[in-house]
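Using the sequences provided together with the hints, build the complete structure.
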Amino acid sequence: MSDATAPAGRGPLATLLASAAKSPLVLLALIWLLFILIVAIFAPWVAPMDYQEIDLLARLAPPSWSARGFHLLGTDHLGRDLASRLVMAVQLSMLVAIFGTVIGAIIGVTIGFVAARFRGWVDDLVMVFVDFQASMPFVIIALAVLAVTGTGNMLLFILLIGFQGWEKYARITRGMTLSAVNHGYALSVRLLGGGTLRVYLRHILPNIFAGLIVQMSINFPETVILETSMSFLGVGIQPPNASLGNLLSYGRDYLLNAWWIAVAPGVVIFLTTLSMSIVGDWLRDELDPVTRRSA
Amino acid sequence: MNTGYLIQKVLRALVTLALVVTFIFIVLRVTGDPVSAMLPDDTDPAIIEQMREDWGLNQPLWKQYVDYWAGIARGDLGTSFLDGRPATAKILERIPKTLQLTITSFAFMLLVGAPAGIIAALSRNRWPDRTIMTISVSGFSLPNFFLGILLILVFSVWLRLLPSASSGDLKSMIMPVFTLGTAGAGVIARFVRSSLLEVLGKQYVRAAIARGMPLHQVVLRVALPNAAIPTITIVGFMIGTLIAGSIVTETIFSWPGVGRLLITSVTARDLAVVQAGVMMIAATMIVANLLVDLAYFVIDPRIRFGSSGERQ
Amino acid sequence: MPLSVSGLGVTIEQEGGHLPILQDIDLDVAAGRIVGLVGESGSGKSVFCLASMGLLPERWRTDGTVAINGKTVTGRARRTIEEARGREAAMIFQDAGASLNPIATIGGQLVDTIRRLRDVRTGEATEIAMELLEHVGIPEPQRRFREYPFQLSGGQNQRVLIALALAGRPRLLFADEPTTALDVTVQAQILDLIGRLRDETDMGVVFVSHDLGVIANICDEIAVMYAGRIVEYGPTEAILRSAVHPYTQGLIKSMPTKRGGRLHSIGGRVPLPAERPAGCAFAPRCPRRLDKCSEDLPALLRDDAGPTLRACHNPAEPVPAAVAEPVAAREAVPRAGDALMQLTGASCDYRIGAHGSFLSGHTLFRAVDQIDLDLGEGEAVALIGESGSGKSTVAKLALGVEAPSDGTVLFDGEPVPPVGSAAHRAFARSVQLVPQSPFLATDPRMRIGDQIREPLDIHGEGRAGERRDRVRALLDTVGLPDELARRFPHEVSGGQLQRVVIARALALEPRLLICDEPTSALDVSVQGQIIELLKTLRGQRGLSLLFITHDLRIIRSLCDRVAVMHAGQIVEYADTDDVFERPHHAYTRDLLAAVPDLATRAAPAARSAELAS
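Protein chains in written order, with our numbering: chain A, 1 to 295; chain B, 1 to 312; chain C, 1 to 613.
Hints were generated in silico from the structure; no laboratory data involved.
Careful, some of the hints might be misleading.
[To be verified] Computed far set for chain B versus chain C, every beta-carbon distance over 12 Å:
(1) PRO45
(2) LEU57
(3) PHE81
(4) GLN100
(5) PHE108
(6) ARG130
(7) VAL137
(8) PRO214
[Said to hold, decoys possible] Taking lysine-lysine pairs in the DSS-like style, the calculated list, with each CA pair at most 30 Å apart, reads:
(9) A:LYS168 <-> B:LYS9
(10) C:LYS253 <-> C:LYS292
(11) A:LYS168 <-> B:LYS202
(12) C:LYS253 <-> C:LYS535
(13) B:LYS171 <-> B:LYS97
(14) C:LYS535 <-> C:LYS258
(15) C:LYS396 <-> B:LYS202
(16) C:LYS396 <-> C:LYS535
(17) C:LYS396 <-> C:LYS258
We treat Cβ as the ideally placed atom computed from N, Cα and C, and that holds for glycine.
This is the structure:
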């Protein structure tokens, strides 16, 4: 109750950034994520060459800066510039991860709200599905669906990835909403004559927003790993489109003479998920009122 | 004794099982025609018709659904269209290999993760804690397919110490187990740490110390058993993660288990095998969850003697 | 001497210096004596106990010496305190349920402790455990022995905790708010038990409480603490009769008594350790402040005239407690015609079991059982009861949060509409709630001004400018400055926030205010502010009140009539003075007898007089 930590006159964002500046690890993680985001957005301009341009004379070239070509990470078996392919893969993988996370959040939050609003059998039904999803590895369900629809449909794949983690959003939304509705400020507003819409949009949503942001930051690396794993296994993003996962999978065949082909995308994935985990932990400590109060 | 809790959990397991079966039925039969999905577009219509008949697809939907359940009851989940063998048989023969990998990884995960978490909690904010937590976060941020490839690169390609593919001997298990267990060990270390820290901050721990209980006894006899309760849930979740991870691990290390079969079947759209595999995994998970609920019942007296498993 | 403390200080080591928590504490506890520590939250009472037991967190540093039974346990003598815990000194805590290992049986925990502290085998330890359970008054010890803490009531758990404390036959007991979480009747039993054990074992007791009434009833000596220091110290009688420190006097005056009277309060709040002023820490709140108070720290010195010590530059004239105010003459409001709120044969059932899941059955629990209650226009009715009596359910019925399972609940002759229905919007203008915890009742992410304005927004009252003025006027009504409107709930104190909640409830100018334990989450020093505010509002606005509380003492001067609830039924409903002076029902009498009160200190007083002679 005495945590009047936020200095008056400063927005929440400024307070957040000030606290980030104190931890070098968080700062590094944020810088990496920003870098990846910029690369993803401006990929076609960042990429040194056309990522699909084939140069059969320069196949499996090691990293070089020769007159023949400027291949920062060398070339693949068709002589395509790997650095450029990596940049494009970053773009696609981030696109899938961001869309996937947002879709999951929207679906989950809506379902959570519905369960908390209607209670009774609706709630029971939702919880049976949530429990089922929580106990079933999502990748298995995704595989079952892909077995029927076939692989290669990118839009469908993004949609499928989006469902990953919906049950966690649903669970926290439902939990936080119920605790607000039952004995908190929400009851006060209802006793003042406020309607359902006011309670949910004006009060509950702003209050659970921080929790949702934290959940998104936890979900994001999971989504990245899911997408890259599936692309790695050959059931996700298919060539000629480049994803960090299928790039790595393909590099596996050249470990003996061109190990960097596999390692480069792997390092990018690792640094991105690690950075997001660090940022997620930090956000949870900063935003989550529960852990904050007990700290 | 709160038998209502047990009945409720068993009922829920059955409902979930029914849900899984129905879900698979819907995905396979309702979202599209599996036969035309499986066969090339220019297949002879007569062959398509023949297959539809074999699969019972020209029956009304409810009849298909009933037949579907009857098939499951007989253990008949169709035949692989690649080699014509029963799908269940193909899955069953792969199970020992997968169990060998997952159970070893599960043990590795617990034996490394739990002690690491305990050490971290007891040395809170000092260097052992910081080191363990850094490794832990790195561990579960590292995708297992990348970890597997790094291991192959270092230990098979460069150092030539370990085989990169399964050969059945113990040596060939080292890298797959490490690949599969690392992320889980990281998650468990982290969770054990935070739940032990939470328990150590509880009033009853302070009260036990105030009664003169030596610190090591407080940790062993009061804190750890209490911290173990929430950890059970996370361990239950890890079983799912292990199964998911085994698909990748088996593919990387050419491990002849269910996961690898599942992936090749998905790629080849061998629906009967995919369906049998998914159902097997679902059944495993449902049983695992039931075991978690049972573990709660055994360990936590509040559930064993409480009313309907929920505290007032 | 069981406990001898001199120059005890506790600081927290932080970046940028030390944060002083306790400073310069000297205190002795003789065998067979109960010394009470009293003060508002943040005064350092609990820290004193934890520091003496060596239970403070690592970063907290202790100076000075603490000797338990003559052995110094502070400084390098870390091992000494470890050996002393349990054997020489024991401790019991506020929330007994949370102080017991939730997954071990009562018997298991006892046997374990006894074996260790008395060096006996399991068989013998089991016998001792059974004796101890019986000794602390646990009914059916054989059965309880095998049960778990969650299966016992709060009072029983506190008895178990006491039995555990007795396992090592300590000479000293620290009791840190041991009865605060308990109902008054149970509290009285636990106080009796502690007193009896002291008589039997002659151990010394340090008794911490924020409730001066409790302290006065059980303690031989009282140490009043403020902001980490002892500000006044002396025999209980002397403190109650002739306290001279303005803080002690403030505490005494803000204690509600069964005799009623105006409730005082101490303005301001206890400063946080980081913001303690130089000089006397109480100076900013002190009515008798001198210039030198904010410069010189007053030392704890013996009062020339009496047996007490006080740290004050400008001590006040002694004002004997209990006779501080005469019994207030309540202005009785005559019953005006029809009832405003009327419950007739109203019952309320709850379903218990796994929240109505379709897989599990449920049973019905009757929280309120056929009660009749009426409240006239302008009238104030108190609803008294212990936890589980159903009193909060009555509030829910009256607000439309719950529908009666049986009988009727009428407001102004119409049934109370359920929350969320169209009719409820109009009803909300007339009936409002002041709930227990203002922190739960306000949106943590919305500015206070916006929250007070919200009822006006909902009901579309006035234009934007007018609403702003109304908010300002409402803040003024509840005695808060305008600038509070821009703050968030966590930036103000509990007492201020409760007034914000009252302002919000008043925005629609309701006819009836339902107050559900509105002061129980607040410090005793601000409790008076809320009660006095409600009294004023009643006078100014003709507001009707339904005041729900477990604390009999605070309603004597506020309410016209009192309904006593027990196990879902109203056992007595009469004029306030009748209930206090001539209670009819046995339960009401028990309740009245159990209430700790500065005026009803009898037995311990006789005892200390005996000791003195």
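Hint-by-hint comparison with the structure:
Every C-beta of chain C lies more than 12 Å from that of B:PRO45, the closest at about 48 Å, which supports listing it as non-interface. A cut-off of 12 Å between C-beta atoms confirms that B:LEU57 is not in contact with chain C; the least separation is 34 Å. Once the 12 Å rule is applied to beta carbons, B:PHE81 is consistent with being away from chain C; the minimum gap is 40 Å. The Cβ of B:GLN100 lies farther than 12 Å from every Cβ of chain C, with a closest approach of about 35 Å, so its non-interface assignment holds.
For B:PHE108, the condition that its CB be more than 12 Å from all CB atoms of chain C holds, with the nearest at approximately 28 Å. With a least CB separation of 16 Å from chain C, B:ARG130 remains clear of the 12 Å interface cut-off, as annotated. Every C-beta of chain C lies more than 12 Å from that of B:VAL137, the closest at about 25 Å, which supports listing it as non-interface. Against chain C, the non-interface label of B:PRO214 is violated: not every CB pair exceeds 12 Å, the least being about 7 Å.
The suggested pairing of A:LYS168 with B:LYS9 holds, with an alpha-carbon distance near 21 Å, which does not exceed 30 Å. Simply put, C:LYS253 and C:LYS292 have alpha-carbon atoms about 25 Å apart, close enough for the 30 Å limit, and the pair holds. This hinted pair checks out: A:LYS168 and B:LYS202 have alpha carbons roughly 27 Å apart, not beyond 30 Å. Taking the CA atoms of C:LYS253 and C:LYS535, the gap is about 17 Å. The hint holds against a cut of 30 Å.
A distance of roughly 15 Å separates the Cα atoms of B:LYS171 and B:LYS97; the hinted pair therefore holds under the 30 Å criterion. Only pairs whose Cα atoms come within 30 Å are accepted, and C:LYS535 paired with C:LYS258 is accepted, the gap being roughly 17 Å. At roughly 33 Å between alpha-carbon atoms, C:LYS396 and B:LYS202 are farther apart than 30 Å, so this suggested pair is violated. Distance check on the hinted pair: C:LYS396 and C:LYS535 sit about 23 Å apart at the alpha-carbon level, within 30 Å; holds.
Straight-line distance between C-alpha atoms of C:LYS396 and C:LYS258 comes to about 28 Å, which keeps the hinted pair within the 30 Å bound.
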